[in-house]
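Starting from the known structure of chain Y, arrange chains Z and C on it as the hints suggest.
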Amino acid sequence: MDILASVAQGLGVALQPVNLLACFIGVFIGTLVGVLPGIGPVSAMSLLLPVTLAGTPEAGIIMMAGIYYGSMYGGSTTSILVNIPGEAASVVTCLDGHEMAKQGRAGAALGIAALGSFFAGTFAIVALMLIAPTLARWAVAFGPAEYFSLMVLGLVVLTFLTQGSMAKALLMACVGAVLGLIGLDSITAQPRLTFDRLELYDGIGLVPVVMGLFGIAEVLHNLERPIAREVIKTKLSQLWPNRAEWRASAAPVARGTVLGFFLGILPGGGAVISSFASYALEKRLSKTPERFGRGAIEGVAGPEAANNAAAGGAFIPLMTLGIPPNVVMALLLGAFIIHGLQPGPLLMSQNPTLFWGIVASMYVGNAMLLVLNLPLVGMWAQLLRLPYNVLFPLIVLFSIVGVYCSSNNVFDVYVMVAFGILGYLMRKVGYEPAPLVLAFVLGPMLENNLRKAMILSQGDLSTFLTRPISATCLVFAAALLLAPLLPALRRKRAVVALDETA
Amino acid sequence: MVNRRMLALALAALALGGSALAQDYPAKPVTLIVPWPAGGSTDVAMRAIAEAASKHLGQPIVVDNKAGGSGTVGPATMAATGKPDGYTIAQIPITVFRLPLMQKTTWDPLKDFTYIVHLTGYTFGITSNAESQFKTWNDVVEYAKANPGKVTYATPGAGTSLHIGMEQIAAKAGIKLTHVPFKGGAETNAAVLGGHTTLQADSSGWKPLVEAGKLRLLAIWTANRSKNWPDTPTLKELGYGFVFDSPFGIAGPKGMDPKVVAKLHDALKKAIDDPAVQEQLAKYDMVVNYKNTEEYRKFVAESVETEKKVLSDLGLAKTN
Amino acid sequence: MNAPSSERRIVLGSAELWAALLWLAVSVLVAWAGWDLGIGTAAAPGSGFLPFWTGLLMCGFSLAVLWSTLTTAGPSIASLWSGARWGNVIFMIVSLVVYVALFETLGFLLATIPLLIVLLRGVDPVPWRTAVPLAMLSTFAVWWVLKRLLLIQLPAGVFGIG
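Chains as they are written, first to last, in the numbering used here: chain Y, 758 to 1259; chain Z, 6 to 325; chain C, 4 to 165.
One or more hints might be untrue.
[Unchecked claim] With a straight-line cut-off of 25 angstroms between C-alpha atoms, the simulated SDA-like cross-links for lysine to any residue are: (1) K88(Z) - Y1171(Y); (2) K181(Z) - A47(C); (3) K109(Z) - L316(Z); (4) K150(Z) - G1216(Y); (5) K109(Z) - A46(C); (6) K150(C) - V135(C).
These are calculated hints, taken from the structure and not from any lab test.
In isolation and in its complexed conformation, chain Y is listed as follows:
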């Protein structure tokens, strides 16, 4: 009953006209930066922070939060339409989402992404209300050893489920991890693998790598074939997911939501790992895993739900412990502080109206996003009617702008071109870019936690096996690595691999 009363109080705050307006502006800007690749919520929020200071703390924070979850919504659009993931969490959406678009099912993919996100977002908010304080304990139970093992599991899960050669996938994961380590060492500040190039001291940016490997490589790949895109001939028969697609998506959305919510609570790569893990899980559970990577709607529904649920989960450590799990949450923390509020264990009891007002506004914001995005689905899908010789220069334009805006550095545009060529060649020889990207994101965190765990255990490697959470992750990882050696599973993988060569 207490919670119901609190929610009612929160809704009272969220539905005040000024807060409704703040919420709308937030989700609108969020959708915009989400759709534009490279321009993430972080830059938009930093630039708009001063604007929010004019109003009440509630309005300011509601708007900032709106930008964040709004951008999660918009992120899938470019992945599906043109194979450019705006951020790491939407890399997996490219795999099947873009295939669906090529088959003329862009509408279905966009629709399921929006509705899956809505469901996941709603679930995350309800869970946030009910069990936030309990879950905060779970988040801090993860120490260096646990993070290390979780990241190893994340990488192994992904490689196990990639198509074709597992050795190649693992090789790509290693390459990604090494690329991620370029720059100054996070513990000793020594430059590593920089070849004395000053530009590399700062490390390689994620955005140019991702845009190169996916966006530019895809364009190069398409250009070498005669331009007569199937899409033009195929009628955009259905702008909405049909009944069978709904049924196929329901369970993946539910599973992705739960998975994403729990992983989102963890500081660091929660949202990224959750989208990859959800994809892997769906492919594993599917009776027809060979459809994955060739336009399976489950491969869009699950990960999209997962990364939105993770966005909700990320609020838990911030609101209950004052520990921001990612940069976006840190910006929100900044907004709280500048308004003279201190998120932490006492926020809920000291400022109940604010706390519940924000939570309730997220619910309102999610509904707004759905209303805002669904009519756009049809419009976006029309974009694919453009002939490819008109479309591809526009894709190049968006990639360049996205990369440049992510760092204001021309060097990054070169990096994008280089990775575009690399991605094109990798595709030719059958290496997949997805494991590289995930390892690139996780590599630095994996290293930092490994080194801390070893210092903590004074060099005793058994620490990874004696701590229960860590041991569980590693046992799963080992099982997945060894599984292909078992004959029954081997046959199953062979079927997948053969099919892919068609």
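Chains Z and C in isolation, oriented as in the chain Y frame:
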């Protein structure tokens, strides 16, 4: 409205063909590198200062968290790649002076920076998990005597004042502690809350958690007891005779135009004079410690000398 | 893509073989770089610890890939590009590199509009009357949204246009 007008002015300046002339400065947002993870006490304080200073500067100051290497990765990156145009500046923690004395580094604190203004210092403290057996600092000392190396402490990185301070304390108490370098306050909070390390030695980012009774403050490193925690003893009272505060300021890459330095200095000075900012700083027990550009430069040279002595006494200085 | 055509066992021309050898070289380089940086001890791992071990792992995986190319021949390098319009690929890469080199000097608007026109005309030409307005409109639209709506800086170039 002010922002809008400045934007129009900035665009006009660009249209006239002036790329980065000192009198047009600032024509675009300024990036302030904070070499700590978002959410720690430095980050919070720098955000408050940046916010106030951007009003005086007429352009937003955008905080960019580049954590790692005990707070040196950010300044080192800036020294190596930043243009001295005033659009990239960084918070300079004391490790920037200290690390080059301990190991091979890519920068020289006396040559590679243009120092702008000195701002404030920290309140440091040692905390333990409230559910742990350690109720006072002496509990820790007793346990550590019986179990050498078993007590672990999280700091924001190797060579930070917290690391050096803890080692000095341990040497004086005759105990051996194990140091675990994290990237900054938000991470050390999580480490001690989750019981991954026994102790946390960090600046006052632990404040909300101590107030909520999740962490216990064992000792504070200031000269006198803090108003916020009158029951917590200082290191002096515990018989160690140390005071550590690790002051910090702001610098840009070497070779900045003095006019640009002056503009930044004035805006930041106004920011720390702002009572609202001072109130924010007080929440984290930071006291304004203003030094102008010239004084700051002298202070850097002095600090490097003092650090040399401390590090060689502890046996942590670079051998070459 | 890698059609298992067992009759075509051209080992020396095998694309897979050369790719695996390339990765092997990269992994040796990485492991060496790690060794050079210092591995440290188990209780205090150094900067080179992870690069070194990752390099060794990469060695193992690239050897595994190498082994599989020797047992089952993959497509040859020539076959991968047979029938491909690789001229388009080169054209696009060269245009991009030239564009990036001129980007800061010319500024966003002056560099991007010609790039789009070149791309629109160079590969399967779009009629001029579509290409020029399209290039100008899309560039201006992006420029307006970024600069005015989101307040993001784009280079104006030496002529200060944009």
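Checked hints:
As the CA atoms of K88(Z) and Y1171(Y) are separated by approximately 19 angstroms, the hinted pair is consistent with the 25 angstroms bound. For the hint pairing K181(Z) with A47(C), the CA-to-CA distance comes to about 16 angstroms; that is within 25 angstroms, so the pair holds. A C-alpha spacing of about 15 angstroms is found between K109(Z) and L316(Z), which places the hinted pair at or below 25 angstroms, so the restraint holds. The suggested pairing of K150(Z) with G1216(Y) holds, with an alpha-carbon distance near 21 angstroms, which does not exceed 25 angstroms.
A hinted pair counts as satisfied when its Cα atoms are at most 25 angstroms apart, and K109(Z) with A46(C) qualifies at roughly 21 angstroms. A distance of roughly 22 angstroms separates the Cα atoms of K150(C) and V135(C); the hinted pair therefore holds under the 25 angstroms criterion.
Checked against the numbered hints above, the structure breaks none of them.
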